[in-house]
Amino acid sequence: MEQNFVFQVTAPDVDALLPEVSSALEQWMELASRRKYPKLWALTDRINRWNKAPTARTKRRRQGQVQGLVNWIVAMVVLPVAFLTPDSPLLVVVGALCLGIGVVELWRYLPKTLGILSLLAGAFFLMTALGDPDEMAVLVYLAAQYLIVALASLLVRKRQDPYDRAARNLLRKRNAVKGLELARFIFSEEKFSLGWKDASKTKPAEEAAYYRDVQQVIEAESILLIVCCKKVLFLQKKDLLEGTIPELRAFLRERVPYVEGATERRKESVS
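Using the UniProt record's numbering, read the sequence shown as starting at 1 and increasing by one per residue.
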C-alpha cells in the first residue's frame, strides 16, 4: 500500500521561526558552496578548526567582555588625570590606548553597555567641567569624546544578517497567501505536491515536483526546509496530518539529499 505524508499548511509565527529558517538557509548555502569548492572548504576547515569549538568561542567572548570593561575603566581613571596634568604625555598614551581597546571590545560584545557607560561618563565629565570651569574646563574635550562614543553605540544599528532578511521575507510571503487553511502538501512515492482542499476556480491548480529535482532537504527543530527547482519552501512539523516525522525522515533520506541539525548549528554560531 502506498504511503503518503500529508501536511496541512498553516500560517507561521514569523518571530518564532525566524532563527530556524535563517539557520537552515545559511546551512543550505554552505552545503552548496562545499559541493562546488570541496578543496577550498577542506583547507578552511583545517585552518579554522580551533575556532569551531563552542567552548572556545564562549571563552573568547567572555575574555573580550572582561578585557573591554577593564580597559574602559582604566581609561576612565587615567584620562582625567592626563588631561589635568599637561606634563604627563605617557598617561595620555596609556589612557588613549586603554580607551581604544575598551571601546573596540565592548562595541563588539556589549554595544549597549558601552553606550550607557560612555553616556554616563560623558555627562559626569561635562558636569564636572561646568562646575569648576577655571580648573576643569579641559574635561569638556574628554566629555565630548565619551558622548560621541555613546551616541555611536546607541544609535548606530548593526547591519541585518542577510539570512535573517531572506528568512523574514520567506515567512512573510507564506503569511500573505490567501486561503492558506485549504492548502495540503503531500509526499507520495513518486513526487511531492501542493494542492488545495475543496479546490475551486479561485484556487490555483496542483503544483508537483519529482524527487530527482530536489537539491536539498534540511531538517531543523520545528521545520523542514526544501530546496527544489530554484525555489525554497518550508513545512512546519506540527502541521503533519498523516504519518510521523521519523517515518518521513527515513522516507526522504532514501530519495533526496537530507541533513539535520540547522538549529543546533545556529546556536553554536552565536554562542
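Note that these hints are calculated values from the structure, not bench results.
Please note: incorrect hints may appear among the correct ones.
To be verified - Below, simulated BS3-like cross-link-like pairs (lysine-lysine); rule was C-alpha separation at most 30 Å, straight line:
(1) Lys39 x Lys231
(2) Lys178 x Lys191
(3) Lys238 x Lys173
(4) Lys191 x Lys230
(5) Lys237 x Lys191
(6) Lys231 x Lys178
(7) Lys173 x Lys230
(8) Lys59 x Lys112
(9) Lys36 x Lys231
(10) Lys112 x Lys39
(11) Lys230 x Lys178
(12) Lys178 x Lys112
(13) Lys178 x Lys36
(14) Lys191 x Lys231
(15) Lys36 x Lys59
(16) Lys112 x Lys36
(17) Lys39 x Lys178
(18) Lys36 x Lys191
(19) Lys191 x Lys238
(20) Lys112 x Lys191
Is the straight-line distance between the alpha-carbon of lysine 112 and that of lysine 39 30 Å or less?
violated (41 Å)
If you draw a straight line from the CA of lysine 112 to the CA of lysine 191, is it 30 Å or shorter? violated (50 Å)
Self-check item: 30 Å Cα cutoff - pair lysine 237, lysine 191
Solution: holds (19 Å)
*Regarding the pair lysine 191 and lysine 230, is the alpha-carbon distance no greater than 30 Å?*
Satisfied, since the Cα-Cα distance of roughly 17 Å is no more than 30 Å.
Straight-line alpha-carbon gap lysine 230 to lysine 178, limit 30 Å: holds (23 Å)
- Given the hinted pair lysine 191 and lysine 231, is their alpha-carbon gap at most 30 Å? holds (16 Å)
Can you confirm whether the C-alpha distance between lysine 173 and lysine 230 stays at or below 30 Å?
holds (16 Å)
Could you grab the alpha-carbon distance between lysine 238 and lysine 173 and see if it respects the 30 Å cut-off? Roughly 19 Å between the alpha carbons, so the hint for lysine 238 and lysine 173 holds.
Query - lysine 36 paired with lysine 191 [C-alpha distance capped at 30 Å] - result: holds (27 Å)
| message | Checking one constraint from the list: CA of lysine 36 to CA of lysine 231, max 30 Å. Satisfied? | response | Holds, at about 19 Å.
Item to complete: Verify the proposed pairing of lysine 39 with lysine 178, using a straight-line Cα cut of 30 Å.
Response: violated (46 Å)
- Task: Given the hint that lysine 36 pairs with lysine 59, test it: the Cα-Cα distance must not exceed 30 Å.
- Result: violated (33 Å)
Consistency with the previously given hints fails for numbers 10, 12, 13, 15, 16, 17 and 20, ordered from lowest to highest.
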